[in-house]
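Participant: Here is what each chain is made of, one letter per residue.
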Amino acid sequence: MSHLEPRDGVRLDVVDLAVTYGDRAAVGQVTFTVDPGEVVAVIGPNGAGKSSLLNAISGHITHHGSVMLDGRHCHHRRDRANLAIIPQRSDIDPNFPITVNELVASGRRRFLRVGRRPSGADRAVVDNALGVVGLADLSARPIRTLSGGQLQRAFLARALAQEADIFLLDEALSGVDQPTVEELVGLFGELGRSGASVLVATHDLSLVRRRFDRCLPINRTLLADGPPNAILDEHLLDRLFSAAELEPSVS
Amino acid sequence: MNWLIDPFRSEFMQFALATALIVGVTAPAVGVWLVLRRLAYLGDALSHATIGGVGVAYLVGIPLLVGGLIAGTVMGLLMAVLERHERLGGDAIVGTVETGLFAIGLIILSRNGTGVELSHFLFGQITTVTGTELVVNMALGATVLAALWVTRLDLKMATFDHRHATSVGINVGGLRLLLMVTLTAAVVVSLSTVGVLMSIALLVIPPATARLVTERVATMTTVAIADGIAVSVIGLIVSYHLGTPPGATIALVACAAFTVAFTATVPRRINCETKPPAALRTIHP
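Chains as they are written, first to last, in our numbering: chain G, 1 to 251; chain H, 1 to 285.
Please note that a few of the clues may not be correct.
[Said to hold, decoys possible] Some chain G residues close to chain H (C-beta under 10 angstroms, calculated; not the full set):
#, residue
1, I92
2, G175
3, Q178
[As the list claims (entries may be wrong)] Between beta-carbon pairs, the in silico distance windows are:
#, chain 1, residue 1, chain 2, residue 2, range
4, G, D35, H, M138, 58 to 64 angstroms
5, G, R72, H, L88, 57 to 63 angstroms
6, G, R210, H, C255, 45 to 51 angstroms
7, G, P6, H, A92, 25 to 31 angstroms
8, G, D8, H, T99, 23 to 29 angstroms
9, G, R78, H, L88, 55 to 61 angstroms
10, H, A218, G, A124, 20 to 26 angstroms
11, G, G175, H, T222, 56 to 62 angstroms
12, G, I231, H, A264, 55 to 61 angstroms
[Said to hold, decoys possible] Facing chain G, from chain H, some residues (calculated, C-beta under 8 angstroms):
#, residue
13, D44
14, I62
15, E133
16, V150
17, T166
18, S167
19, I170
20, L212
21, V213
22, R216
No lab work stands behind these hints: they were computed from the structure.
Just so you know, even glycine gets a beta-carbon here, dropped at the ideal spot from N, CA and C.
Construct all of the structure, not just a fragment, from the sequences and the given hints.
Facilitator: In structure tokens:
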């Protein structure tokens, strides 16, 4: 029987995080904390800096400011090995010749040396992860035969196999039909209850209002932090989708 | 049967066959990763750049293979430094560096007194391969295959999703460098066989053919290598009997195999495009 292992989780502290590309500020001076078990929506229009924020947290792009896990500064990528980033479909080649099982098994790589194949114990973790996301029957399928929602679940299974404590989803709900979106958000809730933290970048306001308890509206800078129905008022939405906010100078 | 055996009765044709087999295995093994990363043009560019190294090697009196390897490494380093340029894409950088190194090689090798036949490197001269060259090619090929075998799982992850690969501790930059070095070695091995202009034939066409008919990287690699060996040997035999240039003949045979695979898989591709994937049909009938 597949199950989500309860975990202690990890607190994520983001302090004065800023990302610049040349002389252009993508994210400026963002500070927030995510406690273990929280499921948080990062919301904003295209180009608002959501992907840059998640990439900076996961250490894939250089940034100013600090990212801390349980109070420890993450100076190197290896300090963030229990952070999993789940890409949007357009970031990968959906026709790549890889099966669902191989994709999920790649999450075990952090526990293996170069050239080593997963052991029996690793395969058991992979099978459990596939079961949790409901893809056990499709494990031998090439990923190109999966629907958008199934592919996202496969990536979630990979993050589970990675034994990640923090899941970063970069527009992972884009291009997925509504029933599947609801299923995936339900899965995020289960992850949260198991102790994992989940950050979901999205621009779907209605979904955030209905299904999330906390959201971080971002338009280059963090505009607010709290329950969506309490903070997403007309004034904040004007600022969130304002073109003027999209072109701040580097401070 | 004699038609198959006759070409290989002489020693120089036996050397040619051995060289064709080495290239037929090595080039597709590297080329699989070029095709999967959609970097086929990089193989073409690197093969041209290698001529620059060969030319400089003649000038300073070092082995040509070493010159070729140095040129490939220089190109890889220049690309790594220049590709972060804000206004230019990587393809523009590759085009510029490739042309520059190729031009240097052409100018040096076309000067009187070098004693070098330029066409030897441009079009290959598989029937003049010496025993020493064969041994060096074999060592280079074995090294390339060993490096690719050890890193195959990491290469697959880094090719598919480099951000995930990085987060699980894979040295994505190191793998990219490894790919450049193995690509350079494969091009150098190809120099004497099919030549610079045709080296792309064995680097890209067998893996592309294999990609049409397979769904897994391991199978794709096996099929690409089998195809590489087959087209090299068949090309060599055909060129012997028809008196055509071996490099060009091997390239044409590779193209023919690709055309057959492409045509044979047309119905399957049309089927995939008109029907939703099986998984979708099951869940959303």
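Participant: Would the hint on R216(H) stand, with a C-beta cut-off of 8 angstroms toward chain G?
Facilitator: Because about 5 angstroms separates R216(H) from the closest Cβ in chain G, which is inside the 8 angstroms limit, the hint holds.
Participant: Starting from the range 20 to 26 angstroms, see whether the pair A218(H) and A124(G) falls in it by beta-carbon distance.
Facilitator: holds, 23 angstroms
Participant: Answer holds if the nearest beta-carbon of chain H is closer than 10 angstroms to that of I92(G); otherwise answer violated.
Facilitator: holds, 5 angstroms
Participant: Under 8 angstroms is the threshold here; is the Cβ of T166(H) close enough to any Cβ of chain G for the hint to stand?
Facilitator: holds, 6 angstroms
Participant: Less than 8 angstroms between beta-carbons is the criterion; does V150(H) satisfy it with respect to chain G?
Facilitator: With a minimum Cβ separation of about 5 angstroms from chain G (threshold 8 angstroms), the hint on V150(H) holds.
Participant: Starting from the range 45 to 51 angstroms, see whether the pair R210(G) and C255(H) falls in it by beta-carbon distance.
Facilitator: Violated: the Cβ-Cβ distance is about 56 angstroms, outside 45 to 51 angstroms.
Participant: A range of 23 to 29 angstroms was offered for this pair. Does it hold for the Cβ distance of D8(G) and T99(H)?
Facilitator: violated, 57 angstroms
Participant: Is the distance from the Cβ of I231(G) to the Cβ of A264(H) consistent with 55 to 61 angstroms?
Facilitator: With a Cβ separation near 59 angstroms, I231(G) and A264(H) satisfy 55 to 61 angstroms, so the hint holds.
Participant: Between P6(G) and A92(H), does the beta-carbon spacing fit 25 to 31 angstroms?
Facilitator: violated, 52 angstroms
Participant: With chain G as the partner, please determine if E133(H) meets the hint condition of a C-beta pair closer than 8 angstroms.
Facilitator: violated, 31 angstroms
Participant: Does the interface hint hold: is I62(H) within less than 8 angstroms of chain G, judged Cβ to Cβ?
Facilitator: Where the cut-off is 8 angstroms and the nearest Cβ of chain G is about 32 angstroms from I62(H), the hint is violated.
Participant: Tell me if the beta carbons of D35(G) and M138(H) are separated by a distance inside 58 to 64 angstroms.
Facilitator: Holds, since D35(G) and M138(H) (Cβ atoms, about 60 angstroms apart) stay within the stated range.
Checked against the numbered hints given earlier, this structure breaks hints 2, 3, 5, 6, 7, 8, 9, 11, 13, 14, 15, 20, 21; the rest are met.
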